[in-house]
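Engineer: Going down the list, the protein sequences come from chains A and B. Each residue of the first sequence is one higher than the one before, starting from 0 at the first, in numbering that gives the first Met the number 0. Each residue of the second sequence is one higher than the one before, starting from 0 at the first, in numbering that gives the first Met the number 0.
To be clear, the hints were calculated from the coordinates, so they are not data collected in a lab. Do not take every clue at face value.
Where chains are identical, the list cannot tell them apart; a pair therefore holds if satisfied intra-copy or between any two copies.
Restricting the straight-line Cα-Cα distance to at most 20 Å, the calculated cross-link-like pairs of lysine to any residue (SDA-like) are [unchecked claim]: (1) K50 to A73; (2) K9 to A142; (3) K38 to A4; (4) K50 to G23; (5) K9 to E146; (6) K9 to D97; (7) K50 to F121; (8) K50 to T171; (9) K38 to P147; (10) K9 to R136; (11) K50 to T25; (12) K9 to S33; (13) K50 to I77; (14) K50 to G37.
Number of protein chains: 2
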Amino acid sequence: MQDRARETRKVLLESAAHLFVERGYTGTSVNDISDHSGKTSGAIYFHYSSKEELALAVVREQFSTWPQLAAPYAASGIPPLEKLVGLSFAVARFLSEDVLARAGARLWAERRAINTSVPTPFDGWALAVTRLLAQARTRGELAEGVEPSTAAVTLVCSFFGLCLLTDEVPGTRNWRTRLDQWWLLMLKSLQADPDPGALLARARERIPASPKSPAPRRT
Amino acid sequence: MQDRARETRKVLLESAAHLFVERGYTGTSVNDISDHSGKTSGAIYFHYSSKEELALAVVREQFSTWPQLAAPYAASGIPPLEKLVGLSFAVARFLSEDVLARAGARLWAERRAINTSVPTPFDGWALAVTRLLAQARTRGELAEGVEPSTAAVTLVCSFFGLCLLTDEVPGTRNWRTRLDQWWLLMLKSLQADPDPGALLARARERIPASPKSPAPRRT
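Just chain A, same shape as in the assembly (with noise of 0.2 Å):
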């Protein structure tokens, strides 16, 4: 693709995710997309040919940062509980302060309103998840009678509630504070040899900087 129709795309991808964000794909035309971005409907049509091609396009932008969130975990020095509590940080945070990733959720929750399949994070997650518990498994640090793919599955729906939730319910609306508190209860089952605390505070200490600038939060 030349830089040009890059450079387009992205800035189309962009005001389409911040128009979603603020107000639903129902309430988001192909008009406002071309007013907020300043390009014409014509040069939109030309990269996307519709709303929903957009949306879909808003969503595959968004999956396609999950390896970037990954990478800082590959290393294998890394024990695997470790690398699990860093990653539903660096996740929590990609889903709470970038424009893309709170656009896909908005667009996840609108989906039975768009003529079209939303494809979801969740078999991808859950699958990474297994992965991490087996090796935690095969290193001894699983405690017994957890079973990796049932848990996994577990952890990604309660990990998702948290994430929805952190503004609706009584409390603190810090996501770091919540995913803190459901770790230390979640290690406490999850552990072999149960040290929660100590964990989470390694974890943390690991967790890199944001991928790029946070979008200001919704107010």
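Fit chain B to the supplied structure of chain A, relying on the hints for placement.
Structural biologist: For chain B alone, coordinates are given in the frame of chain A:
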């Protein structure tokens, strides 16, 4: 309210709930509700000033069922953690099978497309869970280091994620099995003397039959 007016409202709420589940809030018009319920638009507007009002009434009607779900667990003889597990099964069944509850969940997911604030059950749930955990603490049945109100919020968020994603993650689509797997992990951290399997078995024995005959599951 007269019996006839009450009956009309009931029919309208059930029709609206059915359509909200199938088509979502923006995909459902007052005309659709009129067609589906066999009531005129005039009759609808006599009872509800707008589609928003009708959506709110559906959510409130759902909320009015919570006390009915909790009633079997009011007896003081049941240990609080068993009550908690039993209640979670009752609520999950309700969210899975009852058309008003399913409409409420979809309206909540699409809440930002509705021109009014949609009430949520999460504060009420968190309070109820906090109380049960505090009772477990008093009886010496809660693990050391578990703070009732903090753990309650963690439980509410992750329970909701579990209900929301049952059909979206790999593995069984049976919400009872998912909930079992979740409780086996959580109880291990929550119980002072962990024995999750036994507690779960006792709690499931107590679950009463559904308060109303279940609606067909979505396909």
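Engineer: All hints, please: hold or fail.
Structural biologist: Here is what the structure says about each hint:
no.: 1; hint: K50 to A73; result: neither (36 Å within a copy, 51 Å between copies)
no.: 2; hint: K9 to A142; result: neither (45 Å within a copy, 51 Å between copies)
no.: 3; hint: K38 to A4; result: within (12 Å within a copy, 54 Å between copies)
no.: 4; hint: K50 to G23; result: both (12 Å within a copy, 19 Å between copies)
no.: 5; hint: K9 to E146; result: neither (42 Å within a copy, 46 Å between copies)
no.: 6; hint: K9 to D97; result: within (14 Å within a copy, 43 Å between copies)
no.: 7; hint: K50 to F121; result: neither (24 Å within a copy, 34 Å between copies)
no.: 8; hint: K50 to T171; result: neither (36 Å within a copy, 34 Å between copies)
no.: 9; hint: K38 to P147; result: neither (48 Å within a copy, 53 Å between copies)
no.: 10; hint: K9 to R136; result: neither (42 Å within a copy, 54 Å between copies)
no.: 11; hint: K50 to T25; result: both (10 Å within a copy, 17 Å between copies)
no.: 12; hint: K9 to S33; result: within (13 Å within a copy, 45 Å between copies)
no.: 13; hint: K50 to I77; result: neither (43 Å within a copy, 54 Å between copies)
no.: 14; hint: K50 to G37; result: within (17 Å within a copy, 35 Å between copies)
In the structure shown, a violation is registered for the earlier hints numbered 1, 2, 5, 7, 8, 9, 10, 13, in ascending order.
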